[in-house]
Amino acid sequence: MLQHRLGALAFSLVSVATFLLCSCARSRSANDSSPGSEPFFTPAHPTVANAVKEFLGWRATPIQPIAFPHNKHIANGIACMVCHTGVSKGPVAGIPSDKLCMRCHEFLASDRAEVKKVAGYFNSGLDVPWQRVYGFSPSAHVKFNHAPHIRAGVDCSRCHGDVTNMTVAVRAVQINMGFCLGCHRAQQASTDCVTCHF
Amino acid sequence: MSHCWGMAVDLDRCTGCGACVIACQAENNVPTVGEEAAQKSRTMHWIRIERYYEGEFPNPRVRFRPVLCQQCDNAPCEPVCPTYASYHTSEGLNGQVYNRCIGTRYCANACPYTVRTFNFFNPVWDKPLHLQLNPEVSVRQIGVMEKCTFCIQRIKASEIQAKAENRALREGEPVPACVQSCPPKALVFGDLNDPDSEVSRLARSPRGAKLLSELGTQPKITYLQRDSWDGPNS
Amino acid sequence: MERRDFLKFGVLTGATATLTACEKPVQQLVRFVPEEDFVPGVATWKPSLCTLCPAGCGVTVRIMDGEAEVVRNGQRGILKMGLAKKLEGNARHPVNRGKLCARGQAGLQVTYHPDRVSGPLKRSSSRGSGDFQEIGWPEALSEVVTKLAELRSQQQADSIRFVTGEMRGHRRELINQFLASLGAPAAVQFAPLDEPVLRRANVLAFGRAAMPSFDLERANYVISFGADFLGTWNSPVAQSIGYGEMRRGRPGNRGKFVQVEQRMSQTGANADEWVPSSPGSEGLLALGLAHVIVKEGLRSNPTEINSSREVEEKLKDETYSPTQIATRTGISANRIERLAREMAAHPPSIAVIGGTPLAQTNGLFNALAVNLLNMVLGSIGSPGGMFFAPGASTVKEASSANQSVDFVAQVLSGGLENAEVLFLDNTNPVFAMPPSWQVSQKMKRTPFIVSFGRFMDETSVLADLILPDHSPLESWLDDVPESGTSEAVFTLAAPAMRPLHNTRAMPDVLLEIAHSLGGSVSEALPWKTFEEMLQASYRELARAERCHPTDGFEKFWGRMLEQGGWWDGQCQIHSPESPALEFQAPEFVPPRFDGSEQEFPFYFQPYVAEAFLDGSLAHLPWMQELPDALSTVMWGSWLELNPKTAEKLQIQQGDLIQVRSRHGSLETPAVLNPAIAFDVVAMPMGQGHAQFGRYAAQRGANPMSVVAPLQVEQVGSLAWAATRVSLSRTGRKGRLSLASGALYEQEKELELR
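Chains as they are written, first to last, in this note's numbering: chain A, 1 to 198; chain B, 1001 to 1234; chain C, 2001 to 2753.
Be a bit skeptical, because a hint or two may be false.
Using C-beta positions, here's what the derived DEER-type ranges look like [to be verified]:
{"hint": "1", "chain 1": "A", "residue 1": "167", "chain 2": "B", "residue 2": "1196", "range": "53 to 59 Å"}
{"hint": "2", "chain 1": "C", "residue 1": "2562", "chain 2": "B", "residue 2": "1084", "range": "43 to 49 Å"}
{"hint": "3", "chain 1": "C", "residue 1": "2528", "chain 2": "A", "residue 2": "100", "range": "26 to 32 Å"}
{"hint": "4", "chain 1": "A", "residue 1": "189", "chain 2": "C", "residue 2": "2745", "range": "34 to 40 Å"}
Lysine to any residue pairs mimicking SDA-like chemistry, simulated, CA-CA at most 25 Å apart [claimed, not checked]:
{"hint": "5", "chain 1": "A", "residue 1": "143", "chain 2": "B", "residue 2": "1057"}
{"hint": "6", "chain 1": "A", "residue 1": "89", "chain 2": "B", "residue 2": "1173"}
{"hint": "7", "chain 1": "A", "residue 1": "143", "chain 2": "B", "residue 2": "1215"}
{"hint": "8", "chain 1": "C", "residue 1": "2122", "chain 2": "B", "residue 2": "1128"}
Keep in mind the hints are simulated off the structure, nothing from the lab.
Even for Gly, the Cβ is constructed at its ideal location relative to N, Cα and C.
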């Protein structure tokens, strides 16, 4: 127990020292047009906390600007692809612009508070600043393409969980490289690194 | 049939204009580093045009040579990587897996063509210049080695498209950004496994040579030597 | 139908055409790729037009959806919109056939530049201080309208001046109609890369003020006098495509390319033979070559000219014999004879002239001599020769052949000081003219200056009001390329993306001003938007017989927008309409240089930088970091001199050198170049901006600061290569970022197996 504690202490001391050293060595004048001024912990992680969080797979739960009820929309017979139009066509499923929302909500349920919020964005000429739920950390350098997966018959819920029961989308499936590779191996899809990492 | 992507560079066509350099920079999110870093040779271009003078005034000559990753079959960069970040892909390219890279820079030391560039800083695009970034290519951060990928994102996109249409890839598909832009068509890209492809035809040219061929790296890029004029029909 | 006629016709009948258009609002029917149709993550390609240089290449813009941070109605937020991600050549465009140069591709950064003027600005303290305050569009426009109305009521409309950069198509037409309706004089153009000398020579030789095109694909012999035709000159992409084919496109037949210049350009670096004649003697050398060909009877396919007999007699004169001109040109008689015999023996051959030889005081002689050489070679209008793009008679040619010269004349004759209102669009004379002409001081005396600049440059900073234009990718564009194609081409492009900032398209602003002025001005410009004007005008093109639009104008317009314009594939190489003019053999005029040889021992040759052109692209970070083809310098300026010269002066690579002429001095680091004459030093144009955004400002030196204000004889444009300078060491090292430190290859890396 004591050993464990000492080990943890040593780890944090080393981390903090490295962090300070690196940030001193690398900080550069701000007016230089050349890049790089923020402090960093490791190449991939700007801070210790950031590194720890990613190692443990902690992600902050996104707070959406509008409490969008997926369940109600699906219950009303709106399929995923009606709004996430890109999913069968290209890499990105896409989150619709508020123009699409307003095609229905100009008339439907236009008195509800959340719908009024959408209308507010729409009328100001701006879009709803939706927050990402899934997606990969930039340091993973993964380029995921939805379309081939849909064509291969992978169900949306395989990676996104059962959205029929969700209001705002939540991270229901822990997506990591093992998760991807498990499926790729089972389906005999390519497991070459550059299939996804580029 | 699996593909073996290769390139031919016809030095008799190349004019040294630099269109390929910017095409690559735009396609692959290659950052600019600024004057200070440029002075320390820390520019990030994946393709460069070497310029060599020959002779002196009044009879000087210049040779231009676009140099990019040679995608060696026997690549010196691969075995030295302690994390297998540089590795040989199933299609024979020299892959670089950024999330494996821990920045030892052994590969850059091993590469005789000095085509690998290292991110000494986190790249910065002054807003709104970041809107130009290609979403199909990742943005590499500090501490990561990077290099020409033969526009792997274009290769993958073409393969996915061909598969969706249930057909084989056609000649002239995919095209890396540098090849696409080259005005005098000095750069030619294609499948070396297809003996009828233009790149295979050019690779067999008597003017063809490999860069530093004596090292035995077996590059997939063939350089076609510049010709000279000695009269008609030369 | 000729373009000239079309543009005139379209414009004259514009009013009627718009009335027709009003009955059926076609502009709403044919919206090209509506924003909502984007599939997220999937690229759409939209045609557009490159406006960075006069070549007029067609581009395609890769558009993907993205989230831009914008201000709408005073509120900052995100907007999902189509964003331009990459520029490539339009594969179907006859000029550049899918290819695009480095500069054209970097055009993307014009749109996304962090230092764009993002909304209208009004000067808030003394002129030139650079202090501006933000102002709304209605207030800004009402200021202009009030000023113009006042001038009109006082019958002073003739004191309105409008200066533009290189500009063609309906944008220019709209400006001139706007000015005409006000009763103001026509716009003058100031574009440093325009070649007024060559245009004048082409008027004298062929009756055409256009830039020439070259059929390099089929040429067997090309001799270029100073023209950087593979880098920056005329239509470089079209010429590079042709060059590639000349070299390797015809199995067993590789054309020869000879370059005549004193400092090896990127183009010259590709030559089979490089001929360093002495500065300003290029025309004499061309006449020497013509002399040998005529005298030895080597003409294989001579162009018939009315006065050919007289010209031939004159050319046979001994003054042009190789032995006579050997000293003056610095080229041996044997070599001149050999070159002449070679080019006569390997037709088709072409002679090209551009750049430095045209910027000598005897530039017109040089250009005329090369035109004559082309006639002797029989290359005019024949396959593998030079020609004029069909109907290249653009609006510019029709109105005035020497716009840039008009501007120089205006500056020198006090035209700027006498102006009441000065409009500036896409031009930067303060930067590109020698300081001794005092453009800046003269502009400071103009009471009211309006700039449409997208960036705060040395000229815009003097304005009272800045009404920032959209970037080209956000605008309606059209163009009639002047050279580089054997087809009749009209390039047309809708906005590729929505505007990022609170800017407005300059043509729309002019229309709005006209409508606010009301009365005859408003009636003369009946279109609500520039798009409407374009439609009205192109409706006339659709009626022309050659287009065969059997399915109505809407379909035709849609097709034009889809492919990026209209071109006529059946139209093949045209010879100039009137090559058979009275053509005199030009009399040799020796070049004059400013400064004595003793005090100023070096010829100073500024040259058009590959990355920056005349300096208008120095604000783009991609261009700043593109290593120069020969010197490999990035992010700075430099002076090229021969290593032997440097040794004599004890100058080493990177030493900070003071360059001094009779008119000024500058400091810049030295770069050794084995391919430059011993008595010539060269320096790229484009750096040395006082202001032009964060990447260009206070970087390097501007060669114009030492250039003498000499003018090209009989033309009047600036003879920017006619200055002599002296060099001295400062004892300090300069800032120099080189991509490659080595001049020569240490060991051969590339040898045949």
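For each hint, the structure was consulted:
1. Roughly 58 Å separates the CB atoms of residue 167/A and residue 1196/B, a value that falls within the hinted 53 to 59 Å.
2. Roughly 48 Å separates the CB atoms of residue 2562/C and residue 1084/B, a value that falls within the hinted 43 to 49 Å.
3. With their beta carbons about 30 Å apart, residue 2528/C and residue 100/A fall inside the hinted range of 26 to 32 Å.
4. For residue 189/A and residue 2745/C, the hinted distance range of 34 to 40 Å is not satisfied, since their beta carbons lie about 46 Å from each other.
5. Between the alpha carbons of residue 143/A and residue 1057/B the distance comes to roughly 52 Å, so the proposed pair goes past 25 Å and is violated.
6. This hinted pair checks out: residue 89/A and residue 1173/B have alpha carbons roughly 19 Å apart, not beyond 25 Å.
7. Of the supplied pair hints, the one linking residue 143/A and residue 1215/B is violated, its CA atoms being roughly 35 Å apart against a limit of 25 Å.
8. A C-alpha spacing of about 24 Å is found between residue 2122/C and residue 1128/B, which places the hinted pair at or below 25 Å, so the restraint holds.
Figure legend: structure checked against the earlier numbered hints; hints not met, in rising order: 4, 5, 7.
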